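Protein chains: 2
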Amino acid sequence: MAKQLAKSFNCPTEFTLSVLGGKWKTVILCYLKQQPCRYSDLRRLLPALSEKMLTERLRDLTLKGLVIHTRDSKTRSSTYSLTAKGRSLGDLLHHIYDWGRLHAKDFDVQVGEPLTRLNEERTAS
Amino acid sequence: MAKQLAKSFNCPTEFTLSVLGGKWKTVILCYLKQQPCRYSDLRRLLPALSEKMLTERLRDLTLKGLVIHTRDSKTRSSTYSLTAKGRSLGDLLHHIYDWGRLHAKDFDVQVGEPLTRLNEERTAS
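Respectively, the protein sequence lines represent chains A and B.
Just so it is clear: in the first sequence, position 99 is 98 by numbering that gives the first Met the number 0, and no numbers are missing.
Just so it is clear: in the second sequence, position 114 is 113 by numbering that gives the first Met the number 0, and no numbers are missing.
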């Protein structure tokens, strides 16, 4: 079950980080900020996460009210997207993603862009 | 010793979070984004951190090249501030802090503002 959010925090930063909820949940939120994703998309975007780990994190984000899970009655495919509460994090999520994209070269590191690659593959097929 | 930054990341978000380096380092960076702080200020701003934990995190941030430590030769007081690399995180740190400040009420939580309080006490004395 999702950890309950504390009722008070020493400073705004601690509260924000508690809502984001750690590395993998923040990565998921950053993807969902860019576009709604199917469960199978998220599996491809987060290859380091096992199915169990991804499912748990999605459940936590849903229980926290940041993510909503809808199922298409025809195709039966599951889609995850941000709720209004989740979208309130939009600008911040954009900055987290974009800082990494723009500053990787300053730290001499390579960063992939799996969502861009996934969309390119989809357009090409 | 500070963990070496990996040379490649699956996505920009993972890289950004790795540079920020976890909850307490992000909290420290958010304070230093607002103003240079003495070691004693940081001790007051982060009451949940022991002296050892704070010292370790400051050393990591310094080794990563995000924070610089200067010592006034007259007063012998230590001041920590962001380097140019640290300042490249400025907008992002501002968003992390500000989102928490602005959205606490939507989540029905209280957040303190210890840096504002510290500065008010200093002005009053």
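Treat the hints as calculated values from the structure; they're not laboratory data.
Computed from a prediction, not measured in an experiment: that's the story for all the values here.
Just so you know, even glycine gets a beta-carbon here, dropped at the ideal spot from N, CA and C.
Be a bit skeptical, because a hint or two may be false.
Computed cross-link-like contacts, EDC-like style, restricted to lysine to aspartate or glutamate with a CA-CA straight-line distance of at most 16 Å [as the list claims (entries may be wrong)]:
1) K22/B <-> D59/B
2) K84/A <-> D105/B
3) K84/A <-> D59/A
4) K32/B <-> D105/B
5) K84/A <-> D107/B
6) K84/B <-> D107/A
7) K24/B <-> E55/B
8) K63/A <-> D59/B
9) K6/A <-> D107/B
10) K32/A <-> D97/A
11) K63/B <-> D105/A
Sample of chain A residues at the chain B side, in silico, Cβ under 7 Å [what the hints assert, rightly or not]:
12) C10
13) G89
14) H102
Now for the hints, and whether the structure bears them out:
| no. | hint | result |
| --- | --- | --- |
| 1 | K22/B <-> D59/B | holds, 13 Å |
| 2 | K84/A <-> D105/B | holds, 8 Å |
| 3 | K84/A <-> D59/A | holds, 14 Å |
| 4 | K32/B <-> D105/B | violated, 25 Å |
| 5 | K84/A <-> D107/B | holds, 13 Å |
| 6 | K84/B <-> D107/A | holds, 13 Å |
| 7 | K24/B <-> E55/B | holds, 10 Å |
| 8 | K63/A <-> D59/B | violated, 32 Å |
| 9 | K6/A <-> D107/B | holds, 7 Å |
| 10 | K32/A <-> D97/A | holds, 12 Å |
| 11 | K63/B <-> D105/A | holds, 12 Å |
| 12 | C10 | holds, 6 Å |
| 13 | G89 | violated, 10 Å |
| 14 | H102 | holds, 6 Å |
Violated hints, listed in ascending order, are 4, 8 and 13; each of the other numbered hints is respected by the structure.
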